[in-house]
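**Q** The primary structure of each chain is shown beneath.
There are 2 protein chains.
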Amino acid sequence: MTIDDWISPPARAAESDDISLDELRLATRNHGMPLEMLDLDLTPPGLHYVLVHYDIPLLDPATYRLSVDGHVERPFSVDLDELATLEPVARRVTLECAGNGRARTSPRPISQPWLDEAVGTAEWSGVPLAALLDRAGVRPGAESVVFSGADHGFERGIEQDFRRALPYDEIERDEVFLATAMNGAPLPPQHGAPVRLVVPGWYGMAHVKWVVRITVLDRPFDGFQNATAYRIKRDADDRGEPVTRMAPRALMHPPGFPDFMSRTRIVDAGRQALTGRAWSGFAPITRVEVSTDGTATWADADLAPCVAAYLWQAWSFIWEATPGPTELSVRATDADGRTQPLDQQWNRQGMANSHVQRVPVVVR
Amino acid sequence: MTIDDWISPPARAAESDDISLDELRLATRNHGMPLEMLDLDLTPPGLHYVLVHYDIPLLDPATYRLSVDGHVERPFSVDLDELATLEPVARRVTLECAGNGRARTSPRPISQPWLDEAVGTAEWSGVPLAALLDRAGVRPGAESVVFSGADHGFERGIEQDFRRALPYDEIERDEVFLATAMNGAPLPPQHGAPVRLVVPGWYGMAHVKWVVRITVLDRPFDGFQNATAYRIKRDADDRGEPVTRMAPRALMHPPGFPDFMSRTRIVDAGRQALTGRAWSGFAPITRVEVSTDGTATWADADLAPCVAAYLWQAWSFIWEATPGPTELSVRATDADGRTQPLDQQWNRQGMANSHVQRVPVVVR
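Chains as they are written, first to last, in full-length UniProt numbering: chain V, 1 to 364; chain Z, 1 to 364.
Don't take each hint at face value.
Okay, the calculated beta carbon distance ranges per label pair [said to hold, decoys possible]:
1) V:Asp302 with Z:Asp60: 21 to 29 Å
2) V:Asp174 with Z:Ala308: 50 to 58 Å
3) V:Ala304 with Z:Leu21: 42 to 50 Å
4) Z:Asp174 with V:Ile318: 47 to 55 Å
Taking beta-carbon pairs under 10 Å as the criterion, some of the chain Z residues facing chain V (in silico) [what the hints assert, rightly or not]:
5) Ile19
6) Leu58
7) Leu217
8) Asp218
Keep in mind that the hints were calculated from the coordinates and are not lab data.
Cβ coordinates follow ideal geometry from the N, Cα and C atoms, glycine included.
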């Protein structure tokens, strides 16, 4: 008997609509944002979604060091005090898990079983990545930059630290930074303390937590999380396309109040203000539409302007609710014309889904 | 068609080992404490377990008022400023959900599907309940005190604010208090901001969040959460016994590192320090035992002394790990002689389970 007999098999799809014990073990650790928290501009820890592949490491700030190496002139490392002397940067960024919506696809890929709620918005503050790369002196021909986390595990047979690379041209866009604080307080352990990456506009897998090493490469990175995981694949032989920026999505604060177990919403008849947020990793949201009849018809919602790229925008819609059951939905369109599908095109890992939310309600 | 057609049926057990969509909807909102966080004395928000029956209400601190009424001489209400003028109290308290372990029982009662992780320890600070009751002047013959939360929903056909009562003799033990802060910061929304109850030693359902009203009764309280939910029932006709204090439990930081999907632990052969915490709502923990052979044999762990009632105690155990698969377990015994069963006696709601943790590991 080898370790291979005990670790999880390659990517697979569920044979049943029900959730397996494997998936539940992830779901009791990781959590989404309860959707009524769409009311908050900034999502506090414990309400902001969290997805951790392995264990949460507790790094000692006193001994923490961040290394910068690889295809650079002057590799070096810094501690937290030195990091804090760099030019500060802060930005409000909406973050969504690349697997959001996975448990609503069929057949359901076996992994963290998100419904709609793997999102949150925080003000992340820290230091620009460029300041560190400038100090190291990136040599000509850089192609990718690898960020290594301190979290360690097995995944589909491969032992690894969590490592993700960004193409060097993304780095050159100069939006990427290292965060040491969330909403004005030191990073909580589950969000990557003491240092995490923030890649505005990209799905969460790019925002490496517990970063301990930054390595510049003169070639593309072929590590597991880039080359195998986080790709849009149609079948087992498909090498797939990389998962990058967040597809447009709108979510609604489900109106009324819930039934404990079914989460069905009970709403009083009459004028109801529906509210929520919408975002895209590609471009500002320019249109939000609401359906109150199970996606049969749609009407435009009021949409707040985009005040900062990669930050969710509030929307609202007045609904004259009449008694009976119905289903509410909302969909977003961005300035590039990307919108949300009613039927999601399936992929093997359940990545980058953006099908519209469906909120069953009973009006009384 | 009525609302009854759309809300969840009476308590029921699962027909399959797999988790239903209803249960998943709860599991994506509520979350446990990742067990590696047993390393921390105090559990931060987002790592401390959360169980919310309905929606999380966002109460405005500026307009918040807490009423004290019922079987009292002088009913009154206070705002947060007045509350802050009362004598302060602070206490480190271990909190566990009454449904912890539910998803490990068979047949599994349909509700929040906890495995082992619905626990956390925080320093809660606020004001003693006695100060408020003294001001109101409890009349002779008080039998129970009802705490009403601002969270509102349907549950098994009954529309309700979340309300739980304590017997008046529990109140007189003078340990119950109202918390306005968690670990030195204002309460986060999901933990009951701006005011929650803390009932040291009791399962979480007693620690009512978002408390807006305290009502003294001259009779037992017959509300849903006391009379129907949170009772140990063997069958549908059984009125059951109320769920009260936490049964003894020990949990282990699973050693080594995980496989992403199965959560199986991979451990290097040799000397391994196993660590964790143990607690009981009845009495100090006096013994912790560890099994490294699938509960066949047990050996005593080193146990830290009890420094405060209702606060978890650290334990540790040196394990000489030899290659191959095995299962680790730990069990606690308290000063009253209560201990943890290997096979849990089943009850309809999956309440107050305390069967021993089982941690599959592969030693390499």
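**Q** Evaluate each hint against the coordinates.
**A** Cross-check of the supplied hints:
1. V:Asp302 with Z:Asp60: 21 to 29 Å: Between V:Asp302 and Z:Asp60, where Cβ atoms are some 23 Å apart, the hint holds.
2. V:Asp174 with Z:Ala308: 50 to 58 Å: 51 Å Cβ-Cβ, so the 50 to 58 Å window holds.
3. V:Ala304 with Z:Leu21: 42 to 50 Å: Given about 33 Å between the Cβ atoms, the range is violated.
4. Z:Asp174 with V:Ile318: 47 to 55 Å: Taking Cβ atoms as reference, Z:Asp174 and V:Ile318 lie about 51 Å apart, which means the hint holds.
5. Ile19: holds (4 Å)
6. Leu58: holds (6 Å)
7. Leu217: violated (24 Å)
8. Asp218: violated (30 Å)
Hint compliance for this structure: hints 3, 7 and 8 are not met, and every other hint is.
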